[in-house]
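Model the full assembly from the supplied sequences, consistent with the hints where possible.
Chain by chain, the residues:
Protein chains: 4
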Amino acid sequence: MRYLTAGESHGPQLTAIVEGVPSGLNLTAENINKDLARRQKGYGRGRRMQIEKDQVQIVGGVRHGKALGAPISLVVENRDWKHWTKIMGAEPISSEEEQEVKRQITRPRPGHADLVGAMKYGHRDMRNVLERSSARETTVRVAVGSLAKQILSELDIKVVGHVLEIGGVRAENTEYRDIDDLLAVTEESPVRCYDRQAEQKMMEAIDQAKENGDSIGGIVEVVVEGLPAGIGSYVQYDRKLDSKIAGAIVSINAFKGVEFGIGFEAARKFGSQVHDEIEWSEGTGYTRKSNRLGGFEGGMTTGMPIVVRGVMKPIPTLYKPLQSVDIETKEPFTASIERSDSCAVPAASVVAESVVAWEIANAIVEQFGVDRMDLIKENIMKMRAYTRDF
Amino acid sequence: MRYLTAGESHGPQLTAIVEGVPSGLNLTAENINKDLARRQKGYGRGRRMQIEKDQVQIVGGVRHGKALGAPISLVVENRDWKHWTKIMGAEPISSEEEQEVKRQITRPRPGHADLVGAMKYGHRDMRNVLERSSARETTVRVAVGSLAKQILSELDIKVVGHVLEIGGVRAENTEYRDIDDLLAVTEESPVRCYDRQAEQKMMEAIDQAKENGDSIGGIVEVVVEGLPAGIGSYVQYDRKLDSKIAGAIVSINAFKGVEFGIGFEAARKFGSQVHDEIEWSEGTGYTRKSNRLGGFEGGMTTGMPIVVRGVMKPIPTLYKPLQSVDIETKEPFTASIERSDSCAVPAASVVAESVVAWEIANAIVEQFGVDRMDLIKENIMKMRAYTRDF
Amino acid sequence: MRYLTAGESHGPQLTAIVEGVPSGLNLTAENINKDLARRQKGYGRGRRMQIEKDQVQIVGGVRHGKALGAPISLVVENRDWKHWTKIMGAEPISSEEEQEVKRQITRPRPGHADLVGAMKYGHRDMRNVLERSSARETTVRVAVGSLAKQILSELDIKVVGHVLEIGGVRAENTEYRDIDDLLAVTEESPVRCYDRQAEQKMMEAIDQAKENGDSIGGIVEVVVEGLPAGIGSYVQYDRKLDSKIAGAIVSINAFKGVEFGIGFEAARKFGSQVHDEIEWSEGTGYTRKSNRLGGFEGGMTTGMPIVVRGVMKPIPTLYKPLQSVDIETKEPFTASIERSDSCAVPAASVVAESVVAWEIANAIVEQFGVDRMDLIKENIMKMRAYTRDF
Amino acid sequence: MRYLTAGESHGPQLTAIVEGVPSGLNLTAENINKDLARRQKGYGRGRRMQIEKDQVQIVGGVRHGKALGAPISLVVENRDWKHWTKIMGAEPISSEEEQEVKRQITRPRPGHADLVGAMKYGHRDMRNVLERSSARETTVRVAVGSLAKQILSELDIKVVGHVLEIGGVRAENTEYRDIDDLLAVTEESPVRCYDRQAEQKMMEAIDQAKENGDSIGGIVEVVVEGLPAGIGSYVQYDRKLDSKIAGAIVSINAFKGVEFGIGFEAARKFGSQVHDEIEWSEGTGYTRKSNRLGGFEGGMTTGMPIVVRGVMKPIPTLYKPLQSVDIETKEPFTASIERSDSCAVPAASVVAESVVAWEIANAIVEQFGVDRMDLIKENIMKMRAYTRDF
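Chains as they are written, first to last, in the numbering used here: chain A, 2 to 391; chain B, 2 to 391; chain C, 2 to 391; chain D, 2 to 391.
Mixed in with the good hints, there may be bad ones.
Identical copies carry no separate label here, and so any pair may be met within one copy or between two of them.
As a list, the in silico DSS-like pairs of lysine-lysine whose alpha-carbon atoms are at most 25 Å apart [as the list claims (entries may be wrong)]: (1) LYS270 <-> LYS321; (2) LYS35 <-> LYS159; (3) LYS67 <-> LYS83; (4) LYS331 <-> LYS383; (5) LYS321 <-> LYS290; (6) LYS54 <-> LYS211; (7) LYS321 <-> LYS202; (8) LYS87 <-> LYS67; (9) LYS270 <-> LYS211; (10) LYS290 <-> LYS331; (11) LYS202 <-> LYS270; (12) LYS42 <-> LYS270.
Hints in this document: simulated from the structure, not taken from any laboratory. Small disclaimer: the values here were computed from a predicted structure and weren't measured.
Below, the structure written as C-alpha cells:
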C-alpha cells in the first residue's frame, strides 16, 4: 500500500489517496470519524479544535461499505473555508486584491518550518510554508491510520496509543491488564493516560504552562498486540519493520525521538538483563519470558506486543515569545502567535497510533498477499498455526 | 541514489551496488578501507576482528579514481572463506556431504533473528538466518557510507560518529571545539569517546562485563556540520530528512532508539526552553542562538549541525547464557556462543556515522541535481549564498 | 514527482494528488480545463461526453495561481452523481435497499477488465471492477498531464499528440512545418489529424463502423520539441526515459503497442539507413541529419524531437455483440452495451500527450533539482548552453 | 523483488544483486550458465562472443542450491580483464600512465549513447560512457532473468523468446504445437527461429549484411504460458503488468518498439475482430476463443498465453561508416568500429525472454506472498482452482 496526502491548513480540504487497500475491507466514514474525534479531544487544546469537528468523506474506492480493491480517496473539508477563500484561493488574483488580501507573513517562528521552508521553496510570504507544514495535516494521517486499524482489526490485531509523560509528569502505574483495558481507561482520560494520579498532575502541568503562556511536550507510547511473528525482514537494511516505524514516528510534527521496549535504558544494562528468554509449550508454541526488546528481533515482529515510544517537543506556538527576525526588515522581533494550544500530546498519541498502524498494516498486506482481505486472513491464520507448531 | 547489499557472514564476500552516484566523484579503495579499519577497531571486540582486516575492491563504476556516473559495485571478500566453502557453498551437495557438513543450528539465541527468521523463511537450520542477519553486514554499509562521506566531503560537509555512553558510563566533558577537534580526539580513543576520563571508565566497564561473561551497550552520537538549510522537506510525510535518519539509525543491528538534539529531554521542558531563537547579521545571514532541535525544523536542515543519537543494546551473543528452546527437540537449553565481543558500541558509532552520511548525501544528490558532482557543488554554493542573503 | 489517482466512473468524483511539483509553477483550473475539453472532443464520441463537461478544481497545493511546492490535489466532480448515489454510495446499505439497488453485473464484456478483475478481487458484481477500470479515469490523468505540460511550457518544451491512423485510414501528408503548425492544424480537426484528406476518410470510417454497430481503433503520435540532450540515463535498466514512456503509453486503456522513431520499420532496414548521423556547427552545436531514432539514444534524449506512437485497439464496448458467459448462470450470452462511442482515438491522442508530458516533466524535475521552477529553468538553460558548447 | 546491476564492458566483472527472492527457490550456477550460453550463441555474432564464455558465480543468498530468502548476488567475470587493468582500473593513475593509457575516445558513434552520455555526465573521454552503455550489460540481465525463469518454472509457468523477423525476412510458419515445441525447435535454430525456411533466408540476410559491412535488426517474440488470471492490476496506472513489460522490452539496448497480441494490426481492424470471446466449460472454467489481445485485459493476465513482440534496430556498430564529429577537433569523420556483430537479434530474443520473465516473476511474488516458494506455490494453486470454479 502507499498513500499521499494534500491540503493546506486553511485551504478548502485535506485529501488523501490510499492505494493498494485489499478488496473486501469493511470501511465506513463513521469508523474514521471516531478516530478523527479522538484526535480532536484532549486537555490543553485551543479554540480551533472546537471549530473543526472533522468529518471524513469517502469519495472513491469504497462501495456500500466495502473496499473495492481500488484506490480509496478520503476528504476532510475545512469548515472554516468560507472565511479563507480570498487568502488561500487557488486562482490568480488581481494586484488590487493582492493589496487587500496578502498580509504577507514575514516573521518566522522558531521551531516551525517557516524560515527554512521559505528559503527552500523561494517564498517571501511564509504563509506559503506554514499552511502545509502545520500539524493540521495529521488529521488526514489519522484518517489513513484509521483505515489501517480497520485492516488490523479484521486480523485480530489491536493498536493503542496512550500518553506516558507530559511536561515532566510521568505515569507510574502503567500495569494495564491487557490491551483492551489500556484502551478503555485511556479513552476516558482527558490526557489519554492510564495512570489516574498522573493524569491529574498532567492536567495541572498543562494549566500551569497555559497560565505562563508556555507550552509543554511529552512522551506517547503505542502498543500493538496480536501480531504473528515474522512481519518485516532482516535481509535488507530497508526492510526492517522497526526501522520503518521509527521513521514514521519521527515524521510526526514535533517528534524528536523514538525508542522500542526498554529503549535508551538498554545503554545502562547488561546483555543478560536485556534479551528476552525463549520458552516453549505444547499448544502455545514459543513465548518470551519478558518483552524488553519491544516486540522486535532482527527487524521482525517476535509475536510479543510491539511497544514503541515517541517524544514530542512542546508545540512551538507560544504566548511566551521567542526571539526571531523579520525576513524583510531584518529587524528582530518576538515571535507571533498563530494558535493557542499549550499541549498537544494527547492528540499526538492518536497520531502516533495511526502511523504505527499504517506501517504494520502495510507490512502485512505486502507479506500476505495484496489483493483480498479474505485471502490475507487465511494466510495470517496459516502463519499463526505454522509458527505455533514450528 | 539507492543501494542494495548482499552476502552472508561466512560466505565468499559481501557485495554492494550503489546506484546514482554523481559522475566525477573522487573515490579510491584506500579511502573506503580507512573507514573499514575504523569499524574494526574498538576496545572490546573479539577475535574475529583480527582475522578479518577488511579490504574493499571497487569492481564497477569507477575509473582511474573517478566515478563514472554508472553504478558502483563494492566487494569485501571474506578472508576466511576457504574454511567455509563446504558449509556455505552455493552449489547443491550430495546427501553424504550433507551428513558431514550440515551441523544444523537448531538452537535460537534470544535477541537474535534466529527463531523468527527461521519461522518466516521456513528454515529448520538457523544458520540460514544468522548468516545474513549478522552484524557482519554492517561492513559493507560502512563502505557505502564512506562513499557517501566522500560526496559530503567534496561539498565541505563533515560527519563524525562518536561514543557518548557505554554500560552506564556517560561522557561528561563533551564540549568539543569544533567537529575537527571532535574527530581528532575520538579517532585516538579506543572507545571513540571525547571525554578522556569517561573513556577510562568505559574500558573498565567493558573489562568487567567480559570477566562476567556478559555484554554491554551504549549510546552513540553523530554530528554533521556544514549543511545548507533546506535539505529534506515538510511537504509529505515521507520526505522529512529527520524521519529518514531515524529509520536509518534503527535499521542498524541492535539499535533500539534514536533522538535528535535534546531528544527525550524535550518531554520535561517548556516550549520556551526548547526552541532555538533566530538571529540575523549582515554577511552571515540567519543563525540560531542554540541547537536544541539538533539541526532540524519541519523535517528540514536548519543549517545548524545535525545532532542525532542512537542507543545500542548489549550484543546478544553471550558467555553468560540465556534460556532458549531447541526447535527440534523442544528441550530448553542455555544459549550457545557464536562469537565473543562484549561491547560493539565503538564500532557501532562508525556504522551510525555511515548510515547518517548516506541519508544526507542521498537527500542532497536528489535535491541538487543527480548527474554530476561539479554541478551539485555549484548548486549547493548558490543555495548557501541564497539563504545567506534571504 | 509522483501521483496517485482515485475514483470510480460513476462515483462522486475523480481525485488526483500530485506530489513534488516545484514551487512557483503557474497553474490555474482554466489551463487544465482546456485540456479536459480537448479530451472530450472528437468525432465518434458517444452521448456521455456531452453530459460530462469536465471541470477541475484545485483543492490543494496552489495559492493565487502559483504552486506552493506542496502536493497538488485535483478534483473532477461527476456531474451525474446525483443519479448514482444509491448504486455507488460508499456507505453500507440495508438488505432491502440492496434488493432495490444492486442489479449485479454478472456478464463480463470481452476486452474489458470485467472477468479477470472480478476473479482477482473476489467480486461477484462486476460493477465493482468496471467502475474503476473504465477509461473515465483518463480524465484525471489528462489533468495531471496538463500540469506536466505547464512545467514543460515554462521550460520552452512543447508536447503535441495527434492522430495518424483510424480504422485503417492512414494520414499521408504529415509534413508539418513545426510543432506549432502541428498543434494549430490538429486542434481544428475533429479527429485531431494533420492530413485533411485522411481526416475526411477517417470520419467516414467512424460513421461506417457506427452504422455497423462496430468500433475502430487507430494510431496516435506524440511529438515533443525543445528538450535538452541528456534527459534519462543509460546507467541502469530502469532509468531509461524511452522505457518509461513506453510503459506510460501501454498503461493507457486499450493501448496495445508503442514505437519510437521509425519503430517497427527498423526490422526491415540496414543499420546504415537507421542511425542518425551527427553534425556540428559553430553556435548551434551538435545536430542530427535525421531523426529515425525518435529522439533517443541510450535511453536519453538526443535533443532531437521525441516521436512516439501508440496503437489503440477498437474500444471493446460494442453494438455488434461478442460472445461471453454469465458468471452466475454459466449461460453464454452476447455482450451487453455500457456506452456507445465507436471510436475514441482522437481523445486517446490527448491522453497519450498527457502521459508522455508527465514522464518527461518528471525526468526533468528529478534531474535538474526538485524544489523550484526558477532554479530548474536556470539549470536547464545552463545545460543547453553546455551541450551547445560541448 | 528488485535488482540492480553494475559493471563496465571491459571492467573486472558484471555484478547483480537481486533482492526479495523467496526462500527455498532451487538455484544453481549451472542453470544460469545455460541461459548465458544461449545469449552468446546466434548466427551473426562477432569474435568477442568466442572470447567471453560467460560463467556466473553465485556469491550470496544461496546455500547448497537453495535460496535463503536473502539477497542473491551474481557475478560474471570478464575473462579478458587482464588486458584491460590499466585502461579500466578503478585506482587513480599518475599523469605519465595517463599519457600511455588514456587514448581518449573523442569520436561519438551515431546510434550509441556516446555523445549524449558524455554531455550528461561531463566526460571528454567517451569510453567513460560506452563501457556502461554497452549491451554487454545484458549478460547479467540474462542471469537475473534466468533466476526469474527458475521461479516461474517451479510454478509451472514457461517463457520462451524466439525470433520472428530479421532484416525484413519474416517467419511465416509459426504455428507451433505448444510452448515446449516452440522451445525445442528454436533452441536448435542458429537464429532462434521456428520457421526453418525463414531461418535459411535470415542467415543469408545476415551474411549479406556482413559482406556489405552493414547490420540488420529484427523482431523477437516472447511467449508465456501457464499463468493464472489476474496478475497485474487495473486499479492504478502504474500497476498494469503489460505496461511494465512494455517498459522492460524498450529498456533493452537497441529496442525501439513493443506490441502485444495483434499489436499494431489493431489499428486496422473492427472491434468485433479484435476482442477475444469468452467461453466456459465444466472443469476447465473460462477460456477464450482467440488470443488477439496477447494475454492481457485491463493490464492483467487473462490466463491465455502472453504474446509480446519487440523490435530491435540494427546494431549501430558498423563497418559501413556513418558520419559523425570529433568532440575535440569538431572535425567530421566517419564512425569507427568497436566490434563486429552484424546481427544481434537471436541473442536479443534471449534478453527479451529474460526481462519478461523478470516482470512476471516479480508481479507474482508481490501478489502471492513474498517470503517462501512453497507458500507461493500453494497460493498460486489456490488461485488457479478459484478462477476455474469462479
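How the hints compare with the structure:
{"no.": "1", "hint": "LYS270 <-> LYS321", "verdict": "between (40 Å within a copy, 14 Å between copies)"}
{"no.": "2", "hint": "LYS35 <-> LYS159", "verdict": "within (16 Å within a copy, 47 Å between copies)"}
{"no.": "3", "hint": "LYS67 <-> LYS83", "verdict": "between (33 Å within a copy, 20 Å between copies)"}
{"no.": "4", "hint": "LYS331 <-> LYS383", "verdict": "between (65 Å within a copy, 21 Å between copies)"}
{"no.": "5", "hint": "LYS321 <-> LYS290", "verdict": "between (48 Å within a copy, 17 Å between copies)"}
{"no.": "6", "hint": "LYS54 <-> LYS211", "verdict": "within (23 Å within a copy, 53 Å between copies)"}
{"no.": "7", "hint": "LYS321 <-> LYS202", "verdict": "within (22 Å within a copy, 43 Å between copies)"}
{"no.": "8", "hint": "LYS87 <-> LYS67", "verdict": "between (38 Å within a copy, 14 Å between copies)"}
{"no.": "9", "hint": "LYS270 <-> LYS211", "verdict": "between (38 Å within a copy, 14 Å between copies)"}
{"no.": "10", "hint": "LYS290 <-> LYS331", "verdict": "between (60 Å within a copy, 16 Å between copies)"}
{"no.": "11", "hint": "LYS202 <-> LYS270", "verdict": "between (30 Å within a copy, 15 Å between copies)"}
{"no.": "12", "hint": "LYS42 <-> LYS270", "verdict": "between (38 Å within a copy, 23 Å between copies)"}
Taken one by one, the earlier hints all hold for this structure without exception.
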